[in-house]
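> Protein chains in written order, with the working numbering: chain A, 1 to 222; chain B, 223 to 420; chain C, 421 to 506; chain D, 507 to 731; chain E, 732 to 837.
Hints may contain errors.
Computed list of lysine-lysine pairs in BS3-like fashion (alpha-carbon distance at most 27 Å, straight line) [to be verified]:
#  : chain 1 : residue 1 : chain 2 : residue 2
1  : E       : Lys814    : E       : Lys758
2  : D       : Lys603    : D       : Lys546
3  : D       : Lys603    : E       : Lys814
4  : A       : Lys70     : A       : Lys114
5  : C       : Lys449    : D       : Lys603
6  : B       : Lys225    : D       : Lys603
7  : A       : Lys114    : B       : Lys324
8  : E       : Lys757    : E       : Lys812
9  : A       : Lys114    : B       : Lys237
10 : C       : Lys449    : B       : Lys232
11 : E       : Lys812    : C       : Lys449
12 : A       : Lys70     : D       : Lys603
13 : E       : Lys812    : D       : Lys603
14 : E       : Lys758    : E       : Lys812
15 : A       : Lys67     : A       : Lys114
16 : B       : Lys228    : D       : Lys546
17 : E       : Lys814    : E       : Lys757
18 : D       : Lys546    : B       : Lys225
19 : E       : Lys758    : C       : Lys449
20 : D       : Lys546    : E       : Lys814
21 : C       : Lys449    : B       : Lys237
22 : A       : Lys67     : D       : Lys603
23 : E       : Lys814    : C       : Lys449
24 : A       : Lys70     : D       : Lys546
25 : E       : Lys757    : D       : Lys546
26 : B       : Lys225    : B       : Lys237
27 : D       : Lys546    : B       : Lys232
28 : B       : Lys324    : E       : Lys781
Quick caveat, the hints were computed from the structure, so don't treat them as lab data.
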Amino acid sequence: MLIEDLGGNILGTIPLGDIVLYLNPLHLFLFVTILLFTALISISRTETQVEAMFGSLDENKVAVGLKEFKQRRFLAIICGIATAGAMITGDLFNFTLFMALIGIVNIGIVSAVKQVDVLNSAYQYGLIAMMCGLPLFGGAAIILAATGTLSLFELASIPANPMMIFGALVMLVGVAGESGIAPFFASKAEMFRTPGSPFILIIHLSSLFIIVRFVEILLTIL
Amino acid sequence: MPKIAKLWNKLANPKNIPRLFAVILGLLLIVGFIIPMGLNTDQIYIRPAPQSQMDAGLAIAPYDRGGEVLVSPGVTEAQYPENSKNLGWINSYMTPIAELLKALSPYFGTSICASPGGLIDEILYYTRGFDTILESSILMMAFIIASWLAINFTIDRKEERDIKEDVKRAIASSDRIANEVEESNRKAREKQAKKEFR
Amino acid sequence: MFNLAIWVYLGLALTLFGSLATVWGPGVKDPVIRTINTEVASVGVSLILLTYNSTLALLTLIATTIIVTLILFRAISRLEEMGADV
Amino acid sequence: MVASVIPQFVPAFYSSMYTTALYGGLIVAFIGLIGIAMEKRDIQILILTDLVGLAMLIVVAAVGTDLSEALILPGLVVELAEIMAISEILISREMRKVDEGTSFTPMPLKIDMEIMTTAPNFIALILIAYGVFLSGFTGGAVAGGGIVIYVLSRKVRGLPIFVLDGVGAISGISWCLWIIGFIFFFLLPQYWLLSLFLAALGLLLKVASKIGLIGILMREEYGRK
Amino acid sequence: MLEFIDITTVSMALMIIGAIGVVLLKKPLDKVIMVSVLEAGLFLAIVSFKYLDVAFLTAVLDPLSIIVFLLALIKINNVRKSKLDDHSSLDKVNYIIENENSKGGK
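One chain only, chain A, in its complex shape:
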């Protein structure tokens, strides 16, 4: 399938050597949306969680300290920018690197908290992110071997063969694991049980947008 069929006419390209970022209405819409969200998140404050303590009338306030707040806001902004970049990139390997960046930043956003449960799920998610190195980079390499190119423009015009489909499937598993969809949601869901909601929100948003973009890539190259 050609790129034009899915996202509308190409409005322009940003050529950076072999890596061409291309802009069509769909990608531009996703790009602008995620950047708006990032801007909102960067200016918003965090909430304070109040937990009732067990066995007494006191309550336990879980607030976000200033140092922690700065660290997490920085990582959240990077996460937003990385997601925005993944929306408009036109290169398969570049996309996987954006994916890896989003994965590591997601871990970082929750790593600064003090709850053991949250740290545990961040660790388990990190293990998945490490394993995802194989399906993401390996899948891109298999597609490269099958077609001799990594550019989405070229891949769109090459008819699919079984090896390409296999590479794309491997990549799909990688993206599913790294963004924590369907069977792998538990590792990420546990991470949300921590104060600092706007930063948690960007974890959610980034995986949502990445899935949309990857489905579009799959439809393009197959």
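Use these hints to put chains B, C, D and E onto chain A, whose structure you have.
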């Protein structure tokens, strides 16, 4: 039906997720064995056959891609040659030290190529430079996370951190333990009282 | 000249042997022994990179293997010291 | 004369070995993944993911072009970065489990290795000099290895936070150098030589300072009396 | 008769012996010795491919990995020994808390 419920419960535990992921990925990789695989010979950035340059006795052996320093560009087959105006110039460039080294011995091709200039630099910095930006940002983010955790939690920085806070936390935790001990004492006493009453 | 394919086969064999030993080898219940066993697989991969003439990648692999080993050993010894059961 | 050395198509060796190497890589990955699925302890899984990373290197290297080599380097560094962050999270989680407030001092080590007093200066000097000559990722990793061994051999314990932050700032600034170099490549193509040096130097400083900081973390762990 | 002994066969033999030795030996320190045999095999392989600069760097980096192994093994050995003496870390924690408690005047 109860089996499915059990399965869902298992999926809700984060500890099982990496293992589930590993199983799924492993099974998918095994599927790869029934799919016909083969290398498409029409690739970009082709390199010569292994050891052929070494056997030919070229001075910068595995990475000689032609060209003369600041005179003529080397051979680089990029995906979009029209996007890179100076394609091949970095490929053929060598620093003066590297040229000296090249004259000295024919066996230092790798270090000559790794010093500024050479084919890999052309790919990493110029034609696919954006990859390198991302990749070094990944390293930077990972390091920011690790060093933040290390400085704040895992390395001993007691003399520099405000000790008061530490003491406060310790008091709170010991308070909690004392409460728990008291609680269990109370329960034990109640049990005792019940027994005696009976 | 010797046959290059033999080197690739040797590298793959070493990697397979090393990974099998890492997963099911003798005494791998101890994380230290498991970490040392990964060294075999790493040398196998180095051999493949060498045969494919990716010498720069080979250099980087040798340097990063040391760093990864260092990080893993730090985690292992720190956990043992804390008496954590993971 | 040289141009004729570079072939039009992928040499027969690479295309004939491709399936063997790919299948080998897939089997290694499969073994590692099954090992992960059967393992219960967290630290063991962390070690086994290293195997999966090695399998990824084989799969990428099997393509056998210059591009695949350029793709291996990011893959390697990504694995290194992730293993560093995740092991730190594991340690921090366990420390929180044991005790919330009080900090933890690693046990000092009483060893007297001959090599730790005589060799490091020499090895570190060689490695750093060679790394500076190489530049880029490879040079950064090599020079970083030199810094690691130098730091490990010292007996002073740790560094104040200010210095740690300072070294971090150096790597941040060098990252900016490299970005400027990259932008120059496309905005002002006639200065490609300048941008090449900016990029090479920036990347070298960045990677080397990062790995050197890992060495400082280790310094705390293997602190000797 | 002995013409099959050249640098390539020797390096292959070293690597195979080293790999088997690393896996089959039980004690960590014995394993480290076999790791150095394995790495010597890799060094010879690089030399037989004529990449002398890579070989030079391998020769410098190999001792580094051995040092890392030794340091870590000695440290872990020490930790395990001291764990045998008092194998409950909980006591230590309680002790610290008690200390703080008395300091805080609670």
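> Now look at each hint and say whether the structure bears it out.
Outcome of the hint check:
1. Lys814/E / Lys758/E: 19 Å, holds
2. Lys603/D / Lys546/D: Cα-Cα ~18 Å, so holds.
3. Lys603/D / Lys814/E: Holds, because 19 Å separates the two Cα atoms, which is no more than 27 Å.
4. Lys70/A / Lys114/A: Holds, at about 16 Å.
5. Lys449/C / Lys603/D: 23 Å, holds
6. Lys225/B / Lys603/D: 33 Å, violated
7. Lys114/A / Lys324/B: 56 Å, violated
8. Lys757/E / Lys812/E: 18 Å, holds
9. Lys114/A / Lys237/B: The hint holds at about 19 Å.
10. Lys449/C / Lys232/B: Holds, at roughly 25 Å.
11. Lys812/E / Lys449/C: 18 Å, holds
12. Lys70/A / Lys603/D: 25 Å, holds
13. Lys812/E / Lys603/D: 23 Å, holds
14. Lys758/E / Lys812/E: 15 Å, holds
15. Lys67/A / Lys114/A: Holds, because 13 Å separates the two Cα atoms, which is no more than 27 Å.
16. Lys228/B / Lys546/D: 19 Å, holds
17. Lys814/E / Lys757/E: 21 Å, holds
18. Lys546/D / Lys225/B: Holds, at about 22 Å.
19. Lys758/E / Lys449/C: This hinted pair holds, its Cα atoms lying about 13 Å apart.
20. Lys546/D / Lys814/E: 23 Å, holds
21. Lys449/C / Lys237/B: 19 Å, holds
22. Lys67/A / Lys603/D: 22 Å, holds
23. Lys814/E / Lys449/C: 18 Å, holds
24. Lys70/A / Lys546/D: Judged against 27 Å, a Cα distance of about 36 Å means the pair is violated.
25. Lys757/E / Lys546/D: Holds - the C-alpha atoms of Lys546/D and Lys757/E are around 22 Å apart, at most 27 Å.
26. Lys225/B / Lys237/B: 19 Å, holds
27. Lys546/D / Lys232/B: With a Cα-Cα distance of about 14 Å, the restraint between Lys546/D and Lys232/B holds, given a limit of 27 Å.
28. Lys324/B / Lys781/E: Within the cut-off at roughly 15 Å; holds.
In terms of the numbered hints stated before, the structure departs from hints 6, 7 and 24, listed from lowest to highest.
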